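Asks: Read off the chains here:
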Amino acid sequence: MTNYYKVAGHEFGVSIPDGNPLCGQLSQYEPFRIEKGENCIFEVEVVDKVDDPADKEVVYAGPEDPEQPLVKLYKSGEKWIYEMAVCSGRPLAARMESNAAFTRGRVETLSEKGALFGLNNALMLMFAFRTAGMNTLEMHASVIVNGGKAFLWLAASGTGKSTHSKLWLKHIPGSRLLNDDNPIVRIMDDGCVEVFGSPWSGKTPCYRNEHYPLGAFTRIRRASFNKISRLSNFEAYALLYSSSSGFKTDPAMGDALHATFEQLVMKCPCYVLDCLPDEEAARVSSAELLSIKD
Amino acid sequence: MKTIEGFKMRSLGKDYIIMGEGASQVNFNKMISLNSTAAYLWGEVADKGHFSEDDLKELLLRKYDVDEATAAKDAAYIAGKWVEFGIASR
Chain W
1 MTNYYKVAGH
11 EFGVSIPDGN
21 PLCGQLSQYE
31 PFRIEKGENC
41 IFEVEVVDKV
51 DDPADKEVVY
61 AGPEDPEQPL
71 VKLYKSGEKW
81 IYEMAVCSGR
91 PLAARMESNA
101 AFTRGRVETL
111 SEKGALFGLN
121 NALMLMFAFR
131 TAGMNTLEMH
141 ASVIVNGGKA
151 FLWLAASGTG
161 KSTHSKLWLK
171 HIPGSRLLND
181 DNPIVRIMDD
191 GCVEVFGSPW
201 SGKTPCYRNE
211 HYPLGAFTRI
221 RRASFNKISR
231 LSNFEAYALL
241 YSSSSGFKTD
251 PAMGDALHAT
261 FEQLVMKCPC
271 YVLDCLPDEE
281 AARVSSAELL
291 SIKD
Chain C
1 MKTIEGFKMR
11 SLGKDYIIMG
21 EGASQVNFNK
31 MISLNSTAAY
41 LWGEVADKGH
51 FSEDDLKELL
61 LRKYDVDEAT
71 AAKDAAYIAG
81 KWVEFGIASR
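Protein chains in written order, with the working numbering: chain W, 1 to 294; chain C, 1 to 90.
Some hints could be false.
Here are the simulated BS3-like pairs of lysine-lysine, each with C-alpha atoms no more than 27 Å apart in a straight line [unchecked claim]:
hint, chain 1, residue 1, chain 2, residue 2
1, W, Lys79, C, Lys8
2, W, Lys75, W, Lys49
3, W, Lys203, W, Lys72
4, W, Lys227, C, Lys30
5, W, Lys227, W, Lys149
6, W, Lys227, W, Lys170
7, C, Lys2, C, Lys30
8, W, Lys75, C, Lys30
9, W, Lys6, W, Lys36
10, W, Lys113, W, Lys49
11, C, Lys48, C, Lys63
12, W, Lys6, W, Lys79
13, C, Lys30, W, Lys267
14, W, Lys293, C, Lys14
15, W, Lys72, C, Lys8
16, C, Lys30, W, Lys72
17, W, Lys75, C, Lys8
18, W, Lys267, C, Lys14
19, C, Lys81, C, Lys30
20, W, Lys267, C, Lys8
21, C, Lys48, C, Lys2
What the hints contain is simulated information worked out from the structure, not anything from laboratory work.
These numbers come from a predicted model, not from an experiment.
Starting from the given sequences, assemble the full structure and let the hints guide the process.
Replies: Pasting the structure below:
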């Protein structure tokens with residue numbers, strides 16, 4: 001079975017052998033499904049076997065944090081090899097190989113339990129790497145929509161992005177969750193910055209095929225008080241850089257991502273919110289963010 | 001002195017930054033901001049790889065209206081900062 005999807009305006013295809021249990025596990029992708037992919041930027045195929053070449057060289061190995069998924073990126077000749085586990089110390093969930101241009105990926109799932117996790121991560125990686133040169137960022141953020149604009153909360157895992165979204169949902173009228181972990185931010189051809197929902201949303205099942213103009217990027221920082229401040233261009237750049245997927249050490253991808261970061265820093269309001277996990281935090285942030293003038 | 005491989009200077013509006021890039025700097029997680037003078041100096045020496053504090057002093061004298069003692073002091077200061085930040089070594 002081959003399905004086609006459109007996320008943030010980018011089409012891609014996913015092929016899974018008939019009878020593979022994954023065929024029945026793709027509900028999070030359903031809102032993004034399209035009948036036919038005419039302009040696919042990449043295709044990923046689930047296969048029985050992906051070679052584990054002896055000559056592969058590590059180009060990136062994520063931190064071994066028992067709370068976080070473990071990812072390793074290798075190169076073998078022109079090919080990229082990507083391995084992932086649910087967390088360090090657990091067996092590999094999947095291995096993917098991709099061509100140099102990230103237009104064709106082949107994924108082998110290595111455990112039935114981790115199959116969907118493996119496919120999700122493989123697709124997220126292909127999407128982030130392939131769209132890096134298309135003014136598109138796959139970001140690590142929780143997103144609230146209010147007043148027709150999207151507000152992103154950015155921070156390392158466990159800092160309180162989702163918590164701040166929940167505070168808006170509870171206390172700030174007109175708030176909706178667009179995505180809780182991996183929204184897509186794209187600078188459109190007309191220069192407008194749009195925030196898109198995606199089929200990837202961490203632990204919160206929130207897969208909305210909707211998009212809104214960007215309101216602001218806000219870094220969440222735990223504090224013993226509530227205060228929101230504008231970031232300098234340097235701070236804003238560092239925030240976007242550390243919150244976006246992509247392999248920045250690859251020269252071509254690094255150049256492309258930089259061009260996107262620089263445009264966003266110059267165009268978009270960027271803040272830091274020092275906050276407690278309380279109602280006042282949402283009042284303080286919304287008072288500022290909802291009064292931003294175009 | 002020499003510049004350490006894997007650092008790329010980029011513009012950010014009217015300012016400049018250096019990030020660790022390239023496979024040798026995968027674990028570099030700092031961002032260095034540069035004023036226009038520092039950006040001028042880094043731009044001149046980064047491609048060559050090798051430089052001395054004297055080279056920096058000469059570059060300052062060539063572009064700015066400063067006396068030699070001030071240029072020497074500024075060159076030593078910035079060279080020290082680059083070593084401290086890990087983007088150059090002695």
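Asks: All hints are to be evaluated individually against the structure, with a verdict given for each.
Replies: Consistency of the hints with the structure:
1. Proposed proximity of W:Lys79 and C:Lys8 is supported: the alpha carbons are some 25 Å apart, at most 27 Å.
2. Taking the CA atoms of W:Lys75 and W:Lys49, the gap is near 18 Å; set against the 27 Å cutoff, the hint holds.
3. Under the criterion of a C-alpha separation no larger than 27 Å, the hint pairing W:Lys203 with W:Lys72 is consistent with the structure, at around 22 Å.
4. At most 27 Å may separate the alpha-carbon atoms for a hinted pair to count; W:Lys227 and C:Lys30 meet this at roughly 25 Å.
5. Pair hint W:Lys227 plus W:Lys149 holds up; C-alpha atoms about 21 Å apart against a cutoff of 27 Å.
6. Annotation: proposed proximity of W:Lys227 to W:Lys170 holds, straight-line Cα distance about 19 Å (limit 27 Å).
7. Of the supplied pair hints, the one linking C:Lys2 and C:Lys30 holds, its CA atoms being roughly 19 Å apart against a limit of 27 Å.
8. This hinted pair checks out: W:Lys75 and C:Lys30 have alpha carbons roughly 25 Å apart, not beyond 27 Å.
9. Distance restraint check for W:Lys6 and W:Lys36: the Cα-Cα separation of roughly 10 Å lies within the 27 Å cut-off, and the hinted pair is therefore satisfied.
10. Taking the CA atoms of W:Lys113 and W:Lys49, the gap is about 17 Å. The hint holds against a cut of 27 Å.
11. Between C:Lys48 and C:Lys63 the alpha-carbon distance is near 19 Å, which keeps this suggested pair within the 27 Å criterion.
12. For the suggested pair W:Lys6 and W:Lys79, the alpha carbons sit about 25 Å apart, so the restraint of at most 27 Å is met.
13. The hinted pair formed by C:Lys30 and W:Lys267 meets the criterion: a straight-line CA distance of about 23 Å does not exceed 27 Å.
14. Of the pairs offered as hints, the one joining W:Lys293 and C:Lys14 holds, with about 24 Å between alpha carbons and a cut-off of 27 Å not exceeded.
15. Annotation: proposed proximity of W:Lys72 to C:Lys8 holds, straight-line Cα distance about 24 Å (limit 27 Å).
16. Between the alpha carbons of C:Lys30 and W:Lys72 the distance comes to roughly 22 Å, so the proposed pair stays at or under 27 Å and holds.
17. Our distance criterion of 27 Å between C-alpha atoms is met by W:Lys75 and C:Lys8, whose separation comes to about 22 Å.
18. At most 27 Å may separate the alpha-carbon atoms for a hinted pair to count; W:Lys267 and C:Lys14 meet this at roughly 14 Å.
19. For a cut-off of 27 Å, the pair hint linking C:Lys81 to C:Lys30 stands: about 14 Å separates their Cα positions.
20. Restraint check for W:Lys267 and C:Lys8: satisfied, since their Cα atoms lie roughly 23 Å apart, inside the 27 Å limit.
21. Among the hinted pairs, C:Lys48 with C:Lys2 is consistent with the structure: their alpha-carbon atoms are about 9 Å apart, no more than 27 Å.
The structure fails none of the hints (numbered hints given earlier).
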